[in-house]
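Participant: Here is what each chain is made of, one letter per residue.
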Amino acid sequence: MTRRYSALALLKEGLTGQKGWQPAWDDRPLRPRYDIVIIGGGGHGLATAYYLARTHGITNVAVIEKGWLGGGNTGRNTTVVRSNYFFPESVRLYDLSLKLYEKLSIELNYNIMLSQRGMVSIAHTPSEMEMSARVVNAMQINGTDAELLDADGVRKRLPIHHGGPDARYPALGGIWQGRAGTARHDAVAWGYARAASRLGVDIIQQCEVEDFIIEGGRCRGLCTSRGEVRADRVGMAVAGHSSALAAKAGFRLPVTSYALQACVSEPVKPILDTVVLSPGTGTYASQSDKGEIVIGGALDRVPSYGQRGNLPVLETVVAGLLEMFPAFRQLTLMRQWAGIVDVVPDSSPILGESPLPGLFLDCGWGTGGFKAIPAGGTLLAHLLATGQHHDISRPFDLDRFHTGRLVDEAAGSGIAH
Amino acid sequence: MQIFSCPFCGPRPEPEFHFGGEAGNDRPVGGALVPEGEWAAYLHLRHNPKGSTREIWMHRTCLEVFVMERDTVTMQAAPGVALGGPT
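The listed protein sequences correspond, in order, to chains Y and E.
Following our numbering, the numbering of the first sequence begins with 1 at its first residue and continues without gaps.
Following our numbering, the numbering of the second sequence begins with 1 at its first residue and continues without gaps.
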């Protein structure tokens, strides 16, 4: 029986007909009672279960998932990881995530294919250059890596970019974060699921939450499509569906759900070796290990729970890509998809206890949830285990929408989500 | 391309329209006397329903604001209705 992945295990299994591999996680029935139940078997929910078991020693935990593991936004993003934010609170949060990603393959014994190929955010105008300098300064002061590129610096890193003086969107420079990159999105979900399952967490798929069990004004468990389950504390990491579950729990959130599209081209030989973002064209792109160009852009501006996306936004994104890289004109698109993202007014996540005591939130990541999976898991696990905020999650409590102390990254770093 | 229907201009392509928020989220009356929790709810809290919803939209080409009933899952949209009564 092969449980640990290694070169030696590969060799052994190769010689013995690949018969010893075990399922990565166990398929167990839902039990009627747990210490902690987590709603949502995406990256954040599975990471939460893993950190509850590993960091806090709480293994009487279930993760319940309506569909299949990583089938929501974890499987629908563009796999970019980075921490190029403006406010100290945000950099602490996203840099924690990036640092955890950097050692995750070894920690989970699962290759998440992290590729820190760096990311260029191009500045097209003098005012964008000034904003870039401001963000680079903020990132350096906050202790993460950032470098201000001039036009030559962009040209060196992106020789195929159409950004000369004659271009519609000339590249005057940009922000470079060398530790940014991509990771294999499915592997992140599966790696956390496997590690959590090994530590004793029950992972229940095809199990939908129908209602909350509320007794004495407190969340005591859940009614699910597989029966009732009780728990001391419940965590919720369901991204674009947060409002729909919050309505069942009897409260509202400062969240609006939108479709975020992405698409991928046919695989081609290596041509783009960094992640590139252009706020001017509204398009970002990277090349996957398979050779596909992975392309993303802005939100569909129509609130939606339909995981499809609309044509006008796709057209804008592809037009932006061709403006930046005319050489991609001949590429054929292979797939297009959309995930439902939970957008909040200040473009920062919501972490903390919900208005229903006993129910804890990890939502509001908008278009940037994938890069935050290890941090979201660490912080929600801390909240569920202790009932208290971690220092890093405190600024992101729901109460900021009451006190007005927002962490406005849309204004700070100009991110779109 | 989805077609929305402006009550003044008729069916027009979706990029001409701008989402203006959920219908019925009326500004609290009373100025400084309104408790801050009520202001916070008005500013930030949303129903964000999965399914049928009533929303305020603007047709950006004629700049008229109207109410539209829409389904956030199927994306079906009824013709817009001019504002006039309570939203």
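Careful, some of the hints might be misleading.
Said to hold, decoys possible - Okay, the calculated beta carbon distance ranges per label pair:
#1 E:Thr-61 x Y:Arg-117: 39 to 45 Å
#2 E:Val-73 x Y:Leu-311: 32 to 38 Å
#3 E:Val-73 x Y:Trp-21: 36 to 42 Å
#4 Y:Gly-250 x E:Thr-61: 39 to 45 Å
#5 Y:Gln-336 x E:Gly-20: 53 to 59 Å
#6 Y:Asp-391 x E:Ala-32: 32 to 38 Å
#7 E:Pro-28 x Y:Arg-230: 20 to 26 Å
#8 E:Ala-78 x Y:Arg-301: 45 to 51 Å
#9 Y:Arg-394 x E:Ala-32: 52 to 58 Å
#10 E:Gly-84 x Y:Ala-167: 57 to 63 Å
#11 Y:Ile-271 x E:Ala-78: 44 to 50 Å
#12 E:Ile-3 x Y:Ala-167: 31 to 37 Å
What the hints assert, rightly or not - In silico DSBU-like pairs for lysine-lysine, Cα to Cα no more than 30 Å straight-line:
#13 Y:Lys-248 x E:Lys-50
#14 Y:Lys-66 x E:Lys-50
#15 Y:Lys-290 x Y:Lys-103
#16 Y:Lys-103 x Y:Lys-269
#17 Y:Lys-269 x Y:Lys-248
Hints listed in this document are in silico derivations from the structure and should not be mistaken for laboratory results.
No residue lacks a Cβ here, since even glycine has one placed at the ideal position from N, Cα and C.
Participant: Against each hint, give a clear statement of whether it holds in the structure.
Facilitator: Hints versus structure:
| no. | hint | in the structure |
| --- | --- | --- |
| 1 | E:Thr-61 x Y:Arg-117: 39 to 45 Å | holds (43 Å) |
| 2 | E:Val-73 x Y:Leu-311: 32 to 38 Å | violated (18 Å) |
| 3 | E:Val-73 x Y:Trp-21: 36 to 42 Å | holds (39 Å) |
| 4 | Y:Gly-250 x E:Thr-61: 39 to 45 Å | holds (41 Å) |
| 5 | Y:Gln-336 x E:Gly-20: 53 to 59 Å | violated (28 Å) |
| 6 | Y:Asp-391 x E:Ala-32: 32 to 38 Å | holds (35 Å) |
| 7 | E:Pro-28 x Y:Arg-230: 20 to 26 Å | violated (39 Å) |
| 8 | E:Ala-78 x Y:Arg-301: 45 to 51 Å | violated (19 Å) |
| 9 | Y:Arg-394 x E:Ala-32: 52 to 58 Å | violated (30 Å) |
| 10 | E:Gly-84 x Y:Ala-167: 57 to 63 Å | violated (49 Å) |
| 11 | Y:Ile-271 x E:Ala-78: 44 to 50 Å | holds (47 Å) |
| 12 | E:Ile-3 x Y:Ala-167: 31 to 37 Å | holds (35 Å) |
| 13 | Y:Lys-248 x E:Lys-50 | holds (12 Å) |
| 14 | Y:Lys-66 x E:Lys-50 | holds (16 Å) |
| 15 | Y:Lys-290 x Y:Lys-103 | holds (23 Å) |
| 16 | Y:Lys-103 x Y:Lys-269 | holds (28 Å) |
| 17 | Y:Lys-269 x Y:Lys-248 | violated (49 Å) |
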